[in-house]
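Asks: Here is how the chains run, residue by residue.
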Amino acid sequence: MTEPVRNVRFSQAIGEAIAGEMEADDRVLLLGEDVGRSGGVFGVTRGLQERFGEQRVRDTPISEMAFTGMGVGLAMAGYRPIVEIMFVDFVGVCLEQVMNAMSKIPYMSGGNTRVPMVLRTAGGCIGSAAQHSQCLWGTFAHLPGMIVVCPSSPYDYKGLMAAAIQSDDPVIYIENKRQLNKMSNTHPVDAVVPEGRYTVPFGKAKVVRQGSDLTLVTISASVGDALRAARLLEPEGVSIEVIDLRTLVPLDTETVAASVAKTGRLLVVDEDFHSFGMSGEVVARVVEALGPQALRQVARHAMPDIPLPAARTLEEAAVPSEASIIEAVRKMK
Amino acid sequence: MTEPVRNVRFSQAIGEAIAGEMEADDRVLLLGEDVGRSGGVFGVTRGLQERFGEQRVRDTPISEMAFTGMGVGLAMAGYRPIVEIMFVDFVGVCLEQVMNAMSKIPYMSGGNTRVPMVLRTAGGCIGSAAQHSQCLWGTFAHLPGMIVVCPSSPYDYKGLMAAAIQSDDPVIYIENKRQLNKMSNTHPVDAVVPEGRYTVPFGKAKVVRQGSDLTLVTISASVGDALRAARLLEPEGVSIEVIDLRTLVPLDTETVAASVAKTGRLLVVDEDFHSFGMSGEVVARVVEALGPQALRQVARHAMPDIPLPAARTLEEAAVPSEASIIEAVRKMK
Amino acid sequence: MTANKHALIDHFRMMLDMRHFEEACLEGVPTREIHGELHTGIGQEAVAAGLAPWLRREDALVSTHRNHLHALAKGVDREKLLAEIFERENGLCGGRGGHMHPFDPATRFSATGIVGSSIPVALGFAYGFKMEGVSDVAVAVIGDGATNTGAFHECLNMAAAWNLPLLVIVENNSYAISVRFSDVSATPTIAERAAAYRAWGRCVDGTDVEEVWKACGEAFDHVRGGGGPALLEASCFRFQGHYEGDHDTYRSRAERKRIRAEHDPLTLTEQRLLDAGAATQEELKRMREASRSETAALLATVRAAPMPDASGLHRYSFVGV
Amino acid sequence: MTANKHALIDHFRMMLDMRHFEEACLEGVPTREIHGELHTGIGQEAVAAGLAPWLRREDALVSTHRNHLHALAKGVDREKLLAEIFERENGLCGGRGGHMHPFDPATRFSATGIVGSSIPVALGFAYGFKMEGVSDVAVAVIGDGATNTGAFHECLNMAAAWNLPLLVIVENNSYAISVRFSDVSATPTIAERAAAYRAWGRCVDGTDVEEVWKACGEAFDHVRGGGGPALLEASCFRFQGHYEGDHDTYRSRAERKRIRAEHDPLTLTEQRLLDAGAATQEELKRMREASRSETAALLATVRAAPMPDASGLHRYSFVGV
Ligand SMILES: Cc1ncc(C[n+]2csc(CCOP(=O)(O)OP(=O)(O)O)c2C)c(N)n1
Ligand SMILES: Cc1ncc(C[n+]2csc(CCOP(=O)(O)OP(=O)(O)O)c2C)c(N)n1
Ligand SMILES: [Mg+2]
Ligand SMILES: [Mg+2]
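Protein chains in written order, with our numbering: chain A, 1 to 333; chain B, 1 to 333; chain C, 1 to 321; chain D, 1 to 321.
Pulled out of the complex, with its shape left as it was, chain A reads as follows (with noise of 0.2 Å):
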């Protein structure tokens, strides 16, 4: 008897994620704007304040300041909080509770007081121009603390969402909106979302295709298009391998650099800005680790370093795709 293979929207993989948590833990509850009645600006939590209730379903006035440190109170209170900041970039406004307070609070208590709190939110580019097209993942990375997850399967999207919330570390958790209201068969792997409950673990990167000319380092939505390049790339003979990083903190350094042991070469895709975040920390990792002398080349492909441009023609010409990642390789030969 195999389970009929399901097609399901990446928010809804999220969902599912939530409320299986919030079925199994009844110390789990959800915040944010717009998450209750109408079940979020993507669709994610719908129907799950009919289902659990407006106490664990709650929609927050635009405070975010507030809600985030409501989270942290929650948390430290005993209860498994779900915060949602709509888009990345709005975390300008209350990021005082996430560096200050939620990632801090483990460790300058002496582990007296633990924050299983996630916050959720989401980046990537949608054509909404400069401050509704960020990804942020390396700002959260760089500020100690939290874990800092990132999927890119709907597979991952649900068992990571699971993870998080199970976790009793402080979790960020960075959904793509390129991808939140795709069908999960349109995702090149792991594209089959169970029904029941299951994690995924944090800091285990994945190998999701096997290649030996070329290390291509990606997370989130980027590496669907990392596949797609590199499926098309195949028949002028460069066979890359493909690794979605999954999470960032922890960042599976090993299982990047065995393959660019193998590869020799390394190339980081990165739809979060170019300086200063995950494209070089992954390369000074991988120099670390194997000496530089170890690789023969490396790359970066990332976002320009400036604000996003709200021309399509501009945009198209900014943000890692398929065609442009294609175009990255191609000057490595």
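To be clear, the hints were calculated from the coordinates, so they are not data collected in a lab.
Backbone N, C-alpha and C define an ideal beta-carbon position, used for all residues, glycine too.
Treat each hint with caution, since some may be false.
Claimed, not checked - Each computed DSSO-like pair below joins lysine-lysine, with the alpha-carbon atoms no more than 30 Å apart:
hint, chain 1, residue 1, chain 2, residue 2
1, B, K333, B, K182
2, A, K262, A, K182
3, A, K262, A, K331
4, A, K262, B, K333
5, A, K333, B, K262
6, B, K331, B, K262
7, B, K182, B, K262
8, A, K182, A, K333
9, A, K331, B, K262
10, B, K262, A, K262
11, A, K262, B, K331
To be verified - Derived coverage of chain B by chain A (criterion: at least 3 residues anywhere in the stretch with Cβ under 8 Å from a Cβ of chain A; other residues may be distant):
hint, region
12, 39–53
13, 128–135
14, 202–209
Using the hints provided, position chains B, C and D with the ligands relative to the given structure of chain A.
Replies: Same frame as chain A, now just chains B, C and D with the ligands:
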């Protein structure tokens, strides 16, 4: 006739730059907590309110979001505001205006609106634990659109502040608390602060010590530590070239790469958090510029990825210092 | 009962132009000429139109994600504005800003897509005006949702403490996306919060353009006269979803229907003009037609303009380095 | 006129212990046992002491950079607290938190060094209490400076909108470091801002421990009784600089002298006890001595404890990975 050598506090060097620019340009004004009547918690702005009046040197309430945004509005209105966020750790309450307004408006406006604003703040560790010891220059450098200045020498403290105020681009200027109360002659190089007005250009790293075996790249107060460490290591037969980056954005990859091309070995020292920040970026830039094969060894020595602990014993084990830099170099031999 | 028939006709014309402008924007959505979210002010025209006559060129206005009507009220060039919204190279910001981020130094108009963030920027203009001793006013237009942000409090406190010429106009359409103001707010009105800053505050029916015009007059008198900040709450109704594409499931069909039937400021004004004998059906119809065809011509012009070329991606970044 | 002499003696004892505790902290500064900034509550004891009797173990209290007295009021273990302040391994948080960041889950006490940031965390506790249907109260203690932060507004609005058991106690010592409240605030009092949230609000003389005690009683009655949030403003005086080492040039010598002479809650309470015949000079002296020597013993114990070993630097980071 030689100018007699003045010995002033670092704080005074900054104050002189501000006073000089305020004198020269009445569009320059200063906003922040305690900048006026008390002259700043480190005395940087002492005497300025008496000299330039309450309107141009304004003590604010603890409303960072409002007065940072006020800086943006003033800049748009043709002023050249200097906004002080007392400690960089507090930026989480107002990052929004920094990341989505100050830094993005020049580009978003298609160049029709410039934001000649300086955000002054203090980083670095003086024993006040996790919420008062961060550097975070990596955080700002990751967000596009702002010049990121972290001076090290007394000469640069003054000259880079003057350049920041004169800049038509938005600037983050991060002072180091470890230095502010010190006398200029405690710094190993460029300790003389001329009385008149002068500027130091952005994006030009400085080779503050010549050497042949190892390129040590760093910024801010760690430049002094690195120079002292390099001198102490000389007898062991290691010749260290020390580079002060001065600004993270723009980053002077050229100067660094030229040095590493010569020495073959790169050590990045950073008082900011280790991961996803300056140290990774510098490594990646050099590897990209020279090709990995041009390097024999690469290492990073930075603040570990943990909230800074309160206890002195732990703090000393965490913060890069002269002693720990010596150790880091020895490990590379 | 109309104090000034000519004024009311002018208001009406402006509202018509505003409505048609927004409808022109709607046309850019299915074609993906506007390829991100689009927020229109359809239904809320009376607020912007009642405000417009009081605005001087030197005044500053900082608006929100729902900013087109405020831009028009401030006198931003219609073609450049529409071109920006349509992501064109000849737009106000060369297509870099887009519909949420129009900047026009000539009219001192700007906006932001982050809720609450317009107020601090307006405060900066207000501080400058006060320093200069001029009688210009800095206006922040915000939605009801923005009154629950911390920035609202910080700015009103500072403006009042220092007696700055800041006018905060709240378009209270009862919703922040799907969240009802009444479900997440401590007070039934927003204007009553002015007392916490000893500031001027009042409510007005934001669907009645003459009432808005009068209330704005009072508010400007207060602020221009050096009385310190003012908080004007205009209740109104958003006809469209929060953005184009919003399923708007949080409002019932009936509610949405009722809103359009009973609270359309254009219909209400037409009726008043007819009642006062200030215009005939025929004249009104001609005004509608004229406004519509002008806007159609504008749209055609904008559509003929080129998109930014990819080679210009890095232009407008730093000037000094 | 004292309602209850025994209560007043208890208050006095608590204030004495608080004063001596803070004085013990002062001893750690020149020795660099406390090697960062230190903020003490010397002069402000009556607020914490008047609050203490109303706090139940289940209540939560979130405090600020100036938190020691609130910790004592909440019943945090004195030795563990002092050890934490002295950066010792056996401190409340193993010396990781230090004086600005004590966390004690046993008494539901915590603090933060970021101004305004205590209120949202307290709001979280309040939300939990409301969900559970218990009568516990979440208390946020803040300074006057924190009432101008955005977090203050956001939290009071939410607490009132949802009728949460949040009590905000403001220690109004007229200064945020060097900045006078009156120079940067729209209203002369803070309590009057409660009206903007339709919340309970009042002022009290925070140097009079009995008045504070009474006012706290009213506030707790209101909040525990399900009446929603309350805002209690206690005016008081900070004797020391903002932190040890602060040159305190923003207050004149005369002002500082007058404060200590006229507004010391300990002296005021002593006088009242004497006037009421509740204690003799001799008895008061004995109380002082007893408290002082107990604290000295405590300090000695704490000083004998070891500092954290450098090998433990990474301990207490992530648990799950
Ligand atoms: C700080 C912040 N939080 C959330 C959002 C997402 N968002 C955009 S508009 C909006 C609702 C705004 O409501 P209101 O202020 O009433 O304006 P309206 O849309 O009704 O005109 C929200 C939540 C944002 N842009 N910024
Ligand atoms: C957001 C933020 N801004 C600034 C500071 C620096 N700071 C620490 S305490 C303080 C003054 C606080 O004043 P108040 O709230 O009245 O408390 P008091 O010190 O008088 O007890 C300031 C400005 C900070 N810690 N956090
Ligand atoms: Mg609204
Ligand atoms: Mg105070």
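Asks: Next step is simple, just say for each hint if it's right about the structure.
Replies: Each hint tested on the structure:
1. B:K333 <-> B:K182: violated (33 Å)
2. A:K262 <-> A:K182: Between K262 (chain A) and K182 (chain A) the Cα gap is close to 34 Å, so the pair fails against 30 Å, i.e. violated.
3. A:K262 <-> A:K331: holds (20 Å)
4. A:K262 <-> B:K333: Given pair K262 (chain A), K333 (chain B) holds - Cα atoms ~27 Å apart, limit 30 Å.
5. A:K333 <-> B:K262: holds (27 Å)
6. B:K331 <-> B:K262: Roughly 20 Å between the alpha carbons, so the hint for K331 (chain B) and K262 (chain B) holds.
7. B:K182 <-> B:K262: Cα-Cα ~34 Å, so violated.
8. A:K182 <-> A:K333: violated (33 Å)
9. A:K331 <-> B:K262: holds (27 Å)
10. B:K262 <-> A:K262: holds (29 Å)
11. A:K262 <-> B:K331: At roughly 27 Å apart (the allowed maximum being 30 Å), K331 (chain B) and K262 (chain A) satisfy the hint.
12. 39–53: It is violated, with 0 qualifying residues against the three required.
13. 128–135: Held - the region 128–135 of chain B has 3 residues with a Cβ nearer than 8 Å to chain A, which meets the minimum of three.
14. 202–209: violated (count 0)
Checked against the numbered hints given earlier, this structure breaks hints 1, 2, 7, 8, 12 and 14; the rest are met.
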